[in-house]
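Make the full structure from the sequences, and use the hints.
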Amino acid sequence: MKNRTITRKGFFLGLGILFIATILRAPITSVAPLIGTISSDLGLNSAAAGMISTTPLLAFALCSILAPISERKIGIEKVLFLALIGLSIGIFLRSFSGSFFLYFGTILIGISIAHCNVLIPSLIKRDFPEKVGLITGIYSVTMNVCGALASGISLPLATKLHLGWQGSLRVWLVLSMLALVFWLPQVRSTTKMDLSVSTPKQKSLIKSSLAWKISLFMGIQSLIFYTLIAWMPQLFLQKNIDGELTGWLLTLLQLFLVPATFLVSIIAGRLAEQTILVWLGAGTIFIGLLGIMLTTSLPIIVISVILLGIGGGCCFSLSMMFFSLRSKSSAEASQISGMAQSVGYLLAASGPLLFGLLHDLSHSWISSLLVLLALSVVLLYVGLGASKKVYL
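For the sequence shown, position 292 (counting from the first letter as 1) is numbered 439 according to my numbering, and the numbering increases by one without interruption.
Hints were generated in silico from the structure; no laboratory data involved. Among the hints, a few may not be true.
As the list claims (entries may be wrong) - Distance condition first, Cα-Cα at most 30 Å in a straight line; then the derived DSSO-like pairs of lysine-lysine:
#1 K307 <-> K225
#2 K278 <-> K536
#3 K475 <-> K354
#4 K156 <-> K354
#5 K536 <-> K354
#6 K156 <-> K220
#7 K475 <-> K156
#8 K156 <-> K225
#9 K354 <-> K220
#10 K535 <-> K278
#11 K535 <-> K354
#12 K156 <-> K386
Claimed, not checked - Across the chosen pairs, the derived CB separations fall in these ranges:
#13 F158 <-> S509: 49 to 57 Å
#14 V524 <-> Y250: 28 to 36 Å
#15 D507 <-> P276: 45 to 53 Å
#16 G245 <-> A419: 47 to 55 Å
#17 L281 <-> K354: 29 to 37 Å
All C-beta atoms, glycine included, are put in the ideal place defined by N, C-alpha and C.
This is how it looks when you write it as C-alpha cells:
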C-alpha cells in the first residue's frame with residue numbers, strides 16, 4: 148500500500164510538472180511571428196519590437212535569483228502555484244490593446260516563468276533522484292513541443308481565424324489554467340527546503356569558475372535561441388520567403404529541438420563527462436548559423452534550421468542537466484539554477500535587442516549573424532569546462 152501511495156503521488160507530481168512545462172515557452176515563442184503585425188498596430192520600431200522579446204528575459208534574469216529564497220520561505224509547491232497565477236494574469240493582460248498592457252503583461256509572464264525555470268530542476272532532483280535524465284528530458288521535450296506549436300499556429304490563429312494578434316496571444320491562457328488545475332493537489336503537500344542541509348552560499352558560487360561556466364553556457368545558448376525566435380521570421384522575409392512559411396520554419400527549428408533535447412538528457416545523465424555532447428551542440432549551431440548567413444536557397448535554409456534545432460536542443464538540455472550533474476543535493480541544484488539563470492538570462496536579454504539595433508545601424512543581418520557565430524565559439528569553450536566531472 149505504501150509503494151502504491153508513493154507511485155500515485157509521483158504520477159500526479161509528474162503530471163503537474165508536465166502541464167507546467169506546456170506553458171513555459173509558448174507565451175514567448177508565439178510572439179515572434181506576430182511581431183510585424185504588433186509593430187504596425189502599435190507603431191513600434193525595431194528596437195521597441197525587440198524589447199517585446201527582451202522583456203521576459205530581463206525578468207528571468209532579475210527574478211531567477213529570488214526563486215530559491217521564495218522556496219525556503221514557503222516551499223517549491225506554493226511558489227510554483229503562485230507563479231502559475233501570475234502567468235495567467237500576465238497572458239490575460241497582454242492581450243489587451245495598447246503598449247502598456249503588452250509590456251506589463253509580458254513582465255508578469257517573465258517573472259512567473261523565471262520562478263518555474265529555476266525551481267523545476269530542483270524539484271526533479273529532489274523527488275526523482277534516480278530518474279533525473281528521463282524526467283528532465285520529458286519536461287524539456289514538452290516545453291519545446293508546445294513552444295514549436297505556438298510559433299507555427301500563432302499567425303494562422305490571428306489571420307485565418309480572425310482572432311487578431313490579441314486573440315492569438317490570449318489562446319495560451321487555456322494552458323496556464325490547465326496547469327493551475329493539475330498543480331493544485333501539490334499545494335497541500337508543500338515541502339520547504341531543509342535548512343539543516345548545508346547549502347552553498349551565494350558568495351561561494353560567485354567565486355566558483357564552474358558556476359560561471361555553467362552560467363555563461365546557459366546564457367549564450369539562451370541568447371542564441373531567443374534571438375533566433377525573435378528575429379528569424381523577419382530575417383527570412385528579407386530573403387523573400389513567404390510570411391506563413393517563416394513561422395513554420397520557426398516551428399521546424401523547435402521541433403528538431405525535441406529529439407535532441409530528450410536524447411541528450413538521457414545520454415548526459417549516463418556519462419561521467421559530457422564533452423562530446425558539447426561539441427555536437429555548439430558545432431551544429433555554428434554550421435546552422437553559417438548556412439543561414441551565406442545563402443538564400445530554401446533547401447539549404449531548411450537544412451540550416453534543422454541543424455540549429457539539433458544544436459539548440461542539445462545545448463538547452465545540457466544547460467538544464469548541468470544544474471543536477473554538477474551539484475550534490477537539490478538545495479545546491481536550486482542555488483546554481485538560480486545563479487545560472489539570473490546571470491544567463493541577463494546575457495540572453497541583450498540578444499534580441501542588440502540583434503535589432505545592429506540591423507538598424509547596418510541595414511543588414513550579416514553583422515548580427517557574425518556576432519552569433521562568434522558567440523557559438525565561446526559557447527563551445529565554456530561548455531567544455533562545464534562538462535568535466537567536477538562539483539560545486
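Hint-by-hint comparison with the structure:
1. Taken as a hint, the K307 and K225 pair is broken in the structure, with Cα atoms around 39 Å apart against an allowance of 30 Å.
2. A distance of roughly 19 Å separates the Cα atoms of K278 and K536; the hinted pair therefore holds under the 30 Å criterion.
3. With a C-alpha separation of about 18 Å, the suggested pairing of K475 with K354 holds against the 30 Å cut-off.
4. With a C-alpha separation of about 39 Å, the suggested pairing of K156 with K354 is violated against the 30 Å cut-off.
5. With a C-alpha separation of about 19 Å, the suggested pairing of K536 with K354 holds against the 30 Å cut-off.
6. For a cut-off of 30 Å, the pair hint linking K156 to K220 stands: about 23 Å separates their Cα positions.
7. Among the hinted pairs, K475 with K156 is consistent with the structure: their alpha-carbon atoms are about 24 Å apart, no more than 30 Å.
8. Of the pairs offered as hints, the one joining K156 and K225 holds, with about 17 Å between alpha carbons and a cut-off of 30 Å not exceeded.
9. Annotation: proposed proximity of K354 to K220 holds, straight-line Cα distance about 26 Å (limit 30 Å).
10. Proposed proximity of K535 and K278 is supported: the alpha carbons are some 21 Å apart, at most 30 Å.
11. With a CA separation close to 18 Å, the supplied pair K535 and K354 stays within the 30 Å bound.
12. At most 30 Å may separate the alpha-carbon atoms for a hinted pair to count; K156 and K386 exceed this at roughly 52 Å.
13. Take F158 and S509: their Cβ atoms lie about 53 Å apart, and the range 49 to 57 Å holds.
14. With their beta carbons about 34 Å apart, V524 and Y250 fall inside the hinted range of 28 to 36 Å.
15. Checked against the hint of 45 to 53 Å, the pair D507 and P276 passes, with Cβ atoms roughly 49 Å apart.
16. The hinted window of 47 to 55 Å between G245 and A419 holds, with their beta carbons roughly 54 Å apart.
17. At roughly 33 Å, the beta carbons of L281 and K354 sit within the given window of 29 to 37 Å.
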